[in-house]
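> Here is how the chains run, residue by residue.
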Amino acid sequence: MSGTTVLATEGTERPSQVTARDLARATATRTRRSAHVKLWAGAVCTALVVVPVALANLLPLPGANAQDLSRRRLPPLSEGHLLGTDQLGRDLLSRILHGGQVSLSVGVLAVLVSGLIGIAAGAAAGFFGGWIDAVVSRFLEAQLALPLLMMLLLVVALFGPSVTVITCVIAVAQWPEVARLTRSLVLVEREKPYVAAARVLGLRAWQVLLRHVIPNVVRPASLVVLLLLAQAVLLESALSFLGAGPQRPFATWGRIISDGQAYITTSWWLVTLPGLVIALLVVGVNLLGDGLRDRTRRRKGAGA
Amino acid sequence: MTPPPQSAFTEYESPSRRTLLRGFALGGAGLALGPLTACAGPTGAPGPGTLTLGLNRSLVSLDNKLNQFDAAITVQRAVRQALTRIGPRMKVQRVLADRFEMTEPTAWTVRLREGVHYSDGSPVTVEDVATALRMYAKVNGSFILGLFPELPTVEPTGERTFRLRTERPVPVLDRLMANIHITPAAANRPEELQSGVGSGPYRVVKANSGAGEYTLARNTRYWGPRPHVDTVRVRFVPEEASRVIALRSGELDVVDTLTPDSAEQLTGLPGVTVQETSGVRICQLFFNFRKPEGHPLADPRVRRALTYAIDGDSLIRDVLTDSADQAEGVVPLALEGAVRTGSYTYDPAKAKSLLKSLGADDLRIKIIWESGEFAADSSVMEAVVDMFQDIGVRARLQQFQPGGDILKWRQGRGGDWDVIGNGFPGTTGQALTSLQGMYGGTAAKERTRDTYMGYVIPRIERQLSDAATEVDATERNKKLAAVQHAIWDTWPSLWAFAPKTLLAHRDRVHDLGLLTLGSYDLSPVRLEG
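Chains as they are written, first to last, in UniProt numbering: chain A, 1 to 304; chain B, 1 to 529.
Simulated from the structure, these hints should not be mistaken for laboratory data.
Where a beta carbon is used, it is the ideal one built from N, C-alpha and C, also for glycine.
Watch out, some of these pointers could steer you wrong.
Unchecked claim - Where chain B lies over chain A, by a calculated footprint (3+ residues, C-beta under 8 angstroms):
1) 67–75
2) 256–268
Claimed, not checked - FRET-style restraints, in silico, Cβ to Cβ:
3) 224(B) x 149(A): 44 to 50 angstroms
4) 361(B) x 138(A): 57 to 63 angstroms
5) 18(B) x 268(A): 36 to 42 angstroms
My request is simple: use the sequences and hints to build the entire structure.
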């Protein structure tokens, strides 16, 4: 029986056309492997950025705003400056890491707030239906129809560019994504027998929602929140780049790039290196989120 | 049934769905990315008869009542003209007037050039001049008004002749009138005009004042020599790097008010020429003179102490890369009548001890400025914050984007601030007019917030007024020198410098004569190729 693989199962040999190579190339195997790779690659990329940013104050680095005008625009690997210096002789690595603290804090706070708003509004809309659903759905559709960056710039122009305003603005801008997903997940959950059982036991609607439904949807919803983190960091950088970020001399990633672009032909590192850091973080967080989502789906599938 | 051998099976295997999808994806990517190769060459290059200017500030109007900076003067005067202009070597040239003479100490006799008319063919009249002066007088917040010790009145004496009468002598009126644009009387309003015709070599065919973009076409009815270029496009490109790249790629023909770093990038490039002229504009970190009595900044000794914190040499050498001169007077020394009054000294220890002795060692300073006010503005401001930190003064910055409400803040109507980054142009080439504009504030002007950052010192104003009305040039210069020393002693600026004007153009642009004022005349400019 040349060309036929013999698969051994529980002591019996069974001929099969499916080879080990086929199994390795099967969609399920590939998905599992890719989820694994994504998870690890994402975790490594994210950690490469987040860990140094979190430890910026502990690392032996010059101050982010400490200037030395006689040492302006030194290239990477210069003495005492791993990533070189900027147009005012400030250490670029220190500015990137301290800037990352601002950008990441804004991002994390914004996604936490948007996650809370989105899960609350989406769950209420999905579970109660009726006019609550209509109001929430129309509201989020209206917001999704608005050009996001324009809206953010408008609000920042009205209330002034501070960390609090920018955080709130990004948080409010991102809640529709979470709300839409939560609403659809709750729509599925509320038809399940355990919800009916809870009602029969005499629990009030909001108790059922809070105690039983939300815990079941919070995990997939929180994965979307993780994906939104990358978007929030990008939005904050875009706002800073356009001059609507926190006031100077706060270092933020967008501003470092914006200031550096005037020197792009003579000092490439001022734009390229912070750009790479943003890209690394965004790719990392997206891969991590994707990987986690794939793993959750697989487990759910296996559980079913 | 024995299955066929694997090798035979694969030999006749048709392409799988995945292989097909991969093939389609590759093909699609190729088709999508193919056109991107076209991006390798210059794009959006202007036509052979079109000159494209890239401005770093938004030109909100082709009228100058509230809005006048170097490149703006170039464009505004291509459309609207004045009776005179400041030409090469800061000499006064007659434009709409062919006679402009002081015939009495308080009267100038003016004659309009024969045949001067607007782009619609209607003639320039004496009434247009009188209306223009009335409109400039009514507009609120105009710095042009501040240049005049008093606005003259028009006394018509004939169809083309009139007298400009003032109450007191204004010996530089011919220079001052270079700032008053003449527009048909019926269309003139006490505001920045967004439309209307002018008598200049170009007329507006398309305007988007919000975006700061204009298209000018040659005025076929122009009364003077025919301009060489058919069309002039004016674009607002706020990002310095974008302007440099656009010039290199040929998308822009001229970019002005370059930062020293950009000039360094462009110098020596084939096809690009960089021009430089010593500046008549003074850029200052000016103190807020609207502080109440008792506020530390209302005390000139505190203002002086703060100036010791600024390392001007370092700012000029490292941040402005020697493209500016540190101020040694209250106006740029390139202006006629300007004198050296002192210099800024860097001595942080002295600053600290002086502030302590004056009881102002816990100062907090708020610095405001508009992006693009001068080259490398953000870097200068951030460097100043660091220098303040060294003497224990906490400074914070508030940057306004172009088109924001800096004017309101400057007038003290937007909020409180301590130091403003501001540039003041020397539009007449005379120190006197700049001094009048900045330091000639009176209580009456302050009521309408028409003073320069609230600078109202009656003693200085009287001295200035006295110098401004002095007809004898030698005596006037003597009085001017004395008042400049007196102004310096009030320590109006934390630091000041006179930037050189840097402009770059493509080599196909010829006869572009950059004036000391920082602008240039568009009509002699030629294009080749």
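> Give me the numbers of the hints this structure contradicts, sorted from smallest to largest.
none
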